[in-house]
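Asker: Taken in order, these protein sequences are the chains called H, G, F and Z. Residue 496 in my numbering is what sits at position 287 of the first sequence, and the numbering runs on without skipping anything. Residue 520 in my numbering is what sits at position 311 of the second sequence, and the numbering runs on without skipping anything. Residue 116 in my numbering is what sits at position 96 of the third sequence, and the numbering runs on without skipping anything. Residue 158 in my numbering is what sits at position 138 of the fourth sequence, and the numbering runs on without skipping anything.
Check the hints yourself; a few may be wrong.
Unchecked claim - Quick list of in silico lysine-lysine cross-link-like pairs, DSSO-like style, CA-CA up to 27 Å: (1) F/K345 with G/K598; (2) Z/K515 with H/K515; (3) G/K369 with F/K203; (4) Z/K202 with H/K515; (5) F/K471 with Z/K56; (6) H/K478 with Z/K515; (7) G/K588 with F/K344; (8) G/K369 with F/K402; (9) H/K515 with H/K555; (10) G/K515 with F/K515; (11) Z/K330 with Z/K203; (12) Z/K521 with H/K478; (13) Z/K203 with H/K369; (14) Z/K345 with H/K588; (15) F/K229 with G/K515; (16) H/K229 with Z/K345; (17) Z/K345 with H/K515; (18) Z/K202 with H/K369; (19) Z/K471 with F/K56; (20) G/K563 with G/K614; (21) G/K229 with F/K330.
These are computed hints drawn from the structure, not numbers from a lab.
Here is how the chains run, residue by residue.
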Amino acid sequence: MLDAIGVASADELFESIPEKFRLREPLPLPGPMSEMEIIQYFQARAAENARGYTSFLGAGVYQHARSVVADALIQRGEFLTSYTPYQAEISQGTLTAIFEFQTLMCQLTGQEVANASMYDGSTAMTEAVLMAERLTGRHRVLVARSVHPEYRQVLATYAKNLGLQIEEIGYTKSGQIDAATLTGEKLGDVAAVVVQSPNFFGVLEEIPVLAETAHGAGALLVTTIAEAVSLGIVRPPVEADIVAMEGQSFGIPPSYGGPYVGVIATRDKFVRQMPGRLAGRTTDSAGRRGFVLTLATREQHIRREKATSNICTNEALYALAATIHLCLIGKEGLREMALHNLAKAKFAAAELEKIPGVRRVFSGRVFNEFVLEFPRSVKLINHALLREKIIGPLPLGVHYPELTKRGLVCVTETMPRAEIERLAANIKKILETPLS
Amino acid sequence: MLDAIGVASADELFESIPEKFRLREPLPLPGPMSEMEIIQYFQARAAENARGYTSFLGAGVYQHARSVVADALIQRGEFLTSYTPYQAEISQGTLTAIFEFQTLMCQLTGQEVANASMYDGSTAMTEAVLMAERLTGRHRVLVARSVHPEYRQVLATYAKNLGLQIEEIGYTKSGQIDAATLTGEKLGDVAAVVVQSPNFFGVLEEIPVLAETAHGAGALLVTTIAEAVSLGIVRPPVEADIVAMEGQSFGIPPSYGGPYVGVIATRDKFVRQMPGRLAGRTTDSAGRRGFVLTLATREQHIRREKATSNICTNEALYALAATIHLCLIGKEGLREMALHNLAKAKFAAAELEKIPGVRRVFSGRVFNEFVLEFPRSVKLINHALLREKIIGPLPLGVHYPELTKRGLVCVTETMPRAEIERLAANIKKILETPLS
Amino acid sequence: MNSKLTLEEVATNVRKAARHVNQSEGLIFEKSAPGKRGMELPPLDVPAVDPAEALGAELTRGEIEGFPEVSEIEVIRHFTRLSTWNYAIDLGMYPLGSCTMKYNPRVNEFVARLDGLASEHPAQPVDVSQGCLRILYDLKQCLLAITGMDTATLQPVAGAQGELTGLLMIRAYLESQGNARKKVLIPDSAHGTNPASVVIAGYEVQNIKSNERGQIDTDHLREFCTEDVAALMVTNPSTLGVFEERIAEIAAILHERGALLYMDGANMNALAGVARPGDFGVDVMHLNLHKTFSTPHGGGGPGAGPVAVKKILEPFLPVPVIAKKENRYVLETVRPKSIGRVRAHSGNFGVLLRALAYTLAYGPGIRQATQDAVLNANYIRKNLEDSFDLPYDLPSMHEVVFSDARQKKHGVNTMDIAKRLIDYGFHPYTTAFPLIVPGAMMIEPTESESKEECDLFIDAMRSIAAEAETNPEIVKTAPHSTRVGRLDEVAAARKPILRWKP
Amino acid sequence: MNSKLTLEEVATNVRKAARHVNQSEGLIFEKSAPGKRGMELPPLDVPAVDPAEALGAELTRGEIEGFPEVSEIEVIRHFTRLSTWNYAIDLGMYPLGSCTMKYNPRVNEFVARLDGLASEHPAQPVDVSQGCLRILYDLKQCLLAITGMDTATLQPVAGAQGELTGLLMIRAYLESQGNARKKVLIPDSAHGTNPASVVIAGYEVQNIKSNERGQIDTDHLREFCTEDVAALMVTNPSTLGVFEERIAEIAAILHERGALLYMDGANMNALAGVARPGDFGVDVMHLNLHKTFSTPHGGGGPGAGPVAVKKILEPFLPVPVIAKKENRYVLETVRPKSIGRVRAHSGNFGVLLRALAYTLAYGPGIRQATQDAVLNANYIRKNLEDSFDLPYDLPSMHEVVFSDARQKKHGVNTMDIAKRLIDYGFHPYTTAFPLIVPGAMMIEPTESESKEECDLFIDAMRSIAAEAETNPEIVKTAPHSTRVGRLDEVAAARKPILRWKP
Ligand SMILES: Cc1ncc(COP(=O)(O)O)c(C=O)c1O
Ligand SMILES: Cc1ncc(COP(=O)(O)O)c(C=O)c1O
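All chains should be modelled from the sequences, with the hints used to inform the complete structure.
Answerer: Put into structure tokens, the structure is as follows:
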């Protein structure tokens with residue numbers, strides 16, 4: 210091939226790089242490794258983690274049942290190794306699945322249109338706020354403190370240089386947003402009120418009321434959902450104007466933080482301010498149904514600095530995974546899964562509350578997470594629990610200084626009753642042991 | 210659907226079964242289990258096995274490097290969930306791959322034609338002997354004692370009622386067949402001489418000489434290969450008349466005994482006496498190349514009691530796995546893999562021979578297995594090794610009463626040097642500990 | 021596809037692809053180029069060895085001529101492309117009668133690959149194989165519950181090997197009674213493996229004709245069942261998909277004369293959870309786990325053919341026998357009356373494991389699966405009765421056998437209809453079997469198919485029946501939608517080309 | 021396929037399938053029927069709870085209208101069929117310029133799914149996350165070696181988010197110097213995400229024109245680079261596949277004026293192992309791990325866009341920062357100058373892990389991969405120069421950009437040629453980008469393609485060039501080999517139908 214090109218060596222091909230910048234020595238990288246060695250490296254890493262531990266963590270990332278079917282299907286090379294479906298004629302597989310994903314998200318959230326996809330829940334929420342800003346032309350945003358702290362951090366990072374003014378709203382004893390502070394005065398000039406439901410404390414917010422309050426002041430209601438399985442039984446936020454959701458709960462493994470899949474759903478009339486890709490139905494010259502990426506004039510590759518977002522690569526494969534997962538679990542199964550979460554969390558809360566000194570912190574209705582107060586530091590308790598191969602409650606003090614000694618417990622349908630009982634027994638034992 | 214058929218209940222559909230044989234109660238079976246529970250059941254079983262142990266077992270089943278690529282490809286539904294390719298027009302994928310398998314097997318064994326496939330090495334050898342019987346019209350068979358004992362058992366089971374007379378031939382100090390006993394007298398009336406190479410002791414047989422001896426008496430030479438990776442460097446048995454091979458070494462996991470893939474390769478002129486399926490090249494009406502199952506008049510579904518074998522379902526998926534594996538490892542890689550086996554086995558033998566009281570038993574050339582003599586029972590040594598998570602040499606006394614205190618050691622390219630050294634160190638320590 | 025261009029026109033100038041890249045894929049050998057390779061090994065960590073020195077020049081080989089040299093992605097592309105030429109259960113209904121092409125659960129593939137199962141060596145000590153042995157033991161117990169038999173061997177790796185194993189046990193039993201006898205009776209509707217297995221067991225095949233109802237003629241049986249007869253091999257339900265109503269009488273006739281009843285259990289998908297062969301007089305039977313128990317066929321195999329037997333045959337089981345002793349699982353190898361081994365190592369463990377996963381998924385609900393399978397078959401029968409000839413009008417169980425008698429009048433035969441089904445998006449049914457039905461069309465939907473899929477199949481079959489009258493040519497030249505048309509099988513067999521050559 | 025029948029004729033009467041079952045697959049919602057379901061849960065082992073009671077009726081929902089009810093096999097068939105409508109790297113060459121569609125190693129999929137990696141929760145204590153943290157740390161070290169930068173964040177989950185992160189760090193740095201400044205300069209050849217990211221970082225976009233050689237005009241740059249300018253975002257090699265020869269001078273101009281040099285590293289496949297941006301003056305850059313580092317695109321994502329920076333920017337890295345302290349890996353969260361978080365949790369760990377696996381596979385050999393990628397691009401260029409117009413005749417690196425100027429004369433444009441490539445079995449190259457080339461044809465073969473595949477591609481392109489002259493119609497109406505023809509995008513956008521409705 211060098212001959213064909215007319216060069217003597219591969220090095221010649223790089224002559225447009227100034228001589229002094231061309232590396233002479235191979236880089237000091239580990240490897241090369243054969244497949245067997247690569248597998249050994251990662252198996253060794255896996256053994257250094259919490260493999261085989263029982264975890265009661267949730268807080269935006271949930272351990273739910275998933276079928277090997279979805280994982281097998283997304284590994285088909287045709288899905289796994291294709292690019293964004295710009296060339297519709299040879300991307301109908303992906304495009305059709307995206308259209309199904311959009312439909313499922315609408316059905317779940319009670320909204321009219323949904324995109325496919327955003328990076329995750331936190332960036333979906335952030336982009337939803339920016340969208341609300343564009344839609345209302347207002348620049349103040351009220352965010353509940355009961356929204357996931359990391360989501361709020363991401364919003365802050367994005368908003369900082371955009372002239373967006375973010376104010377946080379506290380929570381009540383129920384664990385819900387302190388709606389009483391949302392007075393007409395407070396809401397004047399507000400682009401959006403942002404809540405999460407179930408919120409970070411696991412408590413459900415009252416969306417219809419909040420929507421009415423927001424709308425009354427000309428603001429939009431942005432609702433974030435971090436635990437999407439709740440939609441199996443929890444009333445969808447139909448009154449919200451924009452829903453920003455994390456889809457990890459739909460069959461996507463925790464994978465130490467990602468990849469997951471975010472989604473924005475909204476009203477039809479807002480679609481042209483929506484970020485992210487959209488597949489739409491159309492026909493070919495012979496009248497056959499087909500799907501294409503559409504409304505691209507919202508996007509960076511067409512509109513550049515005037516785009517609704519800078520997003521390009523998204524989380525398509527996990528949108529597909531979620532789609533397949535939802536088709537498998539189906540109408541009845543999703544409801545059943547949600548009911549199991551509800552029942553197990555209730556059972557766990559009751560078991561844990563039996564321990565002297567342990568009590569529920571918030572009175573609001575919860576789905577599969579709840580906050581407990583402990584008679585000593587949650588970190589200390591967790592330290593002791595780790596020895597039993599249990600990952601205990603998430604300490605809340607880090608993000609909420611007023612909530613030290615409080616921990617967030619998550620119990621999904623995958624948690625056997627015996628493990629819940631083991632957690633309770635161990636916490637009881639730990640608390641009975643005097644601090645040394 | 211019941212309505213459409215005109216029955217009132219599903220039970221009615223079973224009225225052709227005499228009343229008294231119809232079950233009234235559900236069967237006492239465990240389950241039903243959800244996917245999650247099934248996975249838990251099998252994970253619990255996996256934990257009861259030798260997961261994480263280092264094993265020096267071979268003896269017909271080898272731990273070789275395999276690529277996840279082959280496993281991913283055989284899991285494509287199009288390959289995994291299709292039937293025998295009787296309907297050629299929608300089975301060209303399987304048929305083309307079979308044709309490639311047949312070609313690879315010919316290239317490896319130096320034979321002219323190969324089938325796809327037999328159940329495994331033991332039944333392939335057995336069917337090769339039956340084939341030799343048909344080809345020669347003779348009914349005596351000489352089988353080397355150095356052939357895998359379980360292969361010989363299978364042959365005995367099949368042969369018992371077919372009027373086949375099987376005689377065993379001993380081995381010499383080299384570990385090879387005692388060729389000196391293959392006199393003209395002994396060979397009179399013999400259908401086949403059956404040897405394995407590398408044989409059960411890991412020793413290579415001298416095929417050209419044996420072939421000459423057999424042919425001189427009008428007998429055929431049947432050669433079995435249980436360790437197919439040896440063909441990366443070992444001269445193929447071109448002079449043999451029928452080669453019966455186990456293909457497990459080509460990327461198929463041990464899986465506690467199966468499924469594996471057997472194959473028979475032979476000379477073109479013997480093809481019509483060969484058992485098993487064959488794919489052949491042909492064309493369609495437009496002249497396009499395509500493949501079909503051919504020479505089916507050898508098979509049971511056409512010839513019934515006159516067929517060359519009763520085989521129907523075979524090991525097609527693992528023939529495919531072996532094909533993909535061989536394409537991946539390729540010409541150079543297979544040679545390299547074989548060389549690694551040779552080098553590691555040699556290293557291991559040298560390390561182990563350093564232990565006082567441990568010595569090599571046979572003088573013949575070996576590939577990746579060799580027999581050692583120990584100063585005490587191999588079972589006792591193994592018992593102690595198990596505590597170190599090492600599965601030690603295969604005790605030979607079970608199958609060869611004269612070889613008690615001898616063990617068969619296998620070392621493939623997957624065995625790290627450090628583990629070989631650990632084995633040696635542990636055996637040394639064990640032997641230094643007096644028997645209590 | 022622009023319908024105004026024929027495919028040949030579209031292909032003008034297209035060197036690489038006729039229609040699409042997958043359509044013109046060559047053989048892997050045709051892609052090979054020196055130096056390429058798709059898999060690396062870890063570096064050698066012991067001193068290298070010169071093979072000629074270690075083995076001697078006469079025992080070493082040179083380069084393997086013509087062996088492939090391709091990259092990893094080339095291998096992936098080649099086999100991915102090839103795969104697109106296959107039809108499969110994962111693509112649609114596969115109503116291949118007698119083959120029970122039901123859904124192959126994906127979770128079974130997952131568990132079969134678990135580290136600690138796929139990785140285990142068959143010769144490792146039983147102390148560190150308790151998990152594998154428990155799987156085998158549990159499966160055996162399940163199969164005994166389903167069949168109503170007393171004990172079983174899991175060693176045979178296919179139905180045919182199961183047949184042979186069962187026949188060898190019958191022979192060993194009869195021998196132990198003093199006379200192995202000479203013949204095995206086989207109905208003319210039986211699968212080809214039955215007679216082929218009989219011969220290897222050292223018996224003669226005595227074919228017996230089915231009666232006009234496609235059932236075993238008991239009078240006939242009485243006549244044939246002499247002192248020479250070792251056994252009758254009956255497939256029940258028969259290959260017509262019909263239950264042998266007189267099965268108990270048949271068993272009685274045999275037993276009375278000291279012969280045994282062998283049942284080919286390939287059609288257990290009609291009985292599991294509904295009736296047990298052990299109850300109606302069967303002495304020996306095999307199961308096809310790759311049929312009834314959902315393990316994937318993989319383009320022809322692997323399979324597993326466990327054999328379940330009555331108590332009297334227990335001493336003759338192949339070795340090793342899996343047993344449980346004081347909560348420990350063991351392999352019994354010393355059994356003096358055993359017929360021996362039928363396969364090295366422990367059988368197709370990976371297949372057996374999948375069958376257990378399948379059984380656990382259903383549990384007692386296996387009865388429902390059977391009912392659904394029979395319901396589907398009867399639904400299809402009902403809806404196709406008007407279009408196709410039904411040679412034996414007996415109650416169908418899990419499959420229904422039509423014949424092409426009506427379509428033959430228009431020159432269209434069962435094979436033509438089968439090929440045309442491909443254009444409609446279905447795999448053909450089984451053609452040309454059972455032999456007692458000329459122009460047989462053997463349809464087995466299994467319980468995996470929904471009513472929607474059955475309806476589409478029915479529509480397709482009716483539409484083809486109509487085409488056979490109005491446009492027989494389109495049926496006779498089908499399929500029209502595949503990469504290749506009908507292939508010349510005669511040429512293939514006349515001058516066989518069985519391997520690639522450079 | 022019988023070439024004498026047109027497809028429409030073949031499809032006569034075929035209700036289910038046009039050509040094949042996959043060709044007429046509907047939407048999953050159209051297959052739904054009450055009561056079906058594809059996945060079961062273990063039985064509830066705690067007391068059941070009435071949702072209306074637990075949550076209150078006003079917080080509970082009823083049935084989800086229209087939600088799918090299908091069986092497991094129906095789901096498998098649906099998505100298996102859909103998948104066959106996609107082109108993919110696993111099926112053939114995918115020469116999409118700027119996208120670096122290289123082979124996605126299968127072993128990476130395997131290791132990403134290991135228990136102990138896929139199963140780990142991002143909030144679990146670092147004591148039981150050392151394996152995950154080590155993976156992140158090792159990857160970071162590899163990326164620093166390859167880029168020659170001082171430190172990096174792995175948090176951004178795509179190239180665009182990397183851009184934003186880098187710009188925010190630049191802003192924070194400049195702010196810490198007293199003046200955030202107002203503008204970011206962007207060449208007209210830049211990718212659309214660059215300007216879009218600039219806006220979110222609170223800067224104005226100042227577009228700068230490339231010179232006639234497609235390179236940044238340094239005189240022009242001097243002129244534009246006022247005190248208001250925070251940074252220049254340069255893609256190097258540029259989207260023309262050409263190295264910015266004056267990159268050091270460009271850096272000097274910026275630095276002299278207190279501005280920083282941002283490099284869009286999407287084209288690192290031309291440089292890895294050959295030259296390091298850190299050496300030629302780059303202050304901040306992102307990498308697209310889903311391009312250069314082989315992680316699968318999955319039909320549009322996921323990705324990962326780590327940002328590597330020089331020492332001066334270290335204080336501003338997003339939190340958390342992965343660090344190693346006394347052989348223990350930790351996550352630093354308290355960093356007062358940090359720009360904050362750009363994503364919840366720890367970023368796309370699963371993608372990062374695959375990128376490390378890729379890097380380990382090559383090690384120092386990554387240089388060879390780069391050389392092969394550049395060699396392939398130049399080989400294709402050389403062989404297509406006679407057939408297509410080359411608007412910028414500068415040395416190509418990993419990709420080459422032609423234009424459709426010659427074919428336009430026959431009424432054939434870049435999109436037509438792209439669509440016709442589909443008939444030849446290839447994915448199209450990138451069309452309509454970069455914007456500075458009218459009718460651009462941007463071809464990036466990557467190192468994964470063999471000479472054989474490149475030759476087939478060259479043949480196809482030449483053949484299409486010939487067709488453009490002799491038979492332009494066949495090119496303009498392509499593709500002819502896909503399930504659907506060109507789709508009406510205008511209609512789709514005019515009256516958007518974005519979801520299925522009953
Ligand atoms: C009725 C019947 N009996 C026996 C067999 C043989 O089983 P196998 O193919 O597993 O050897 C089959 C299947 O092919 C069959 O359908
Ligand atoms: C040159 C260039 N810059 C930036 C991007 C954006 O990267 P991403 O799609 O990961 O956001 C791309 C790819 O799409 C690109 O090609």
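Asker: Which of the listed hints are not met by the structure?
Answerer: Hint check: 8, 9, 16, 17 fail, others pass.
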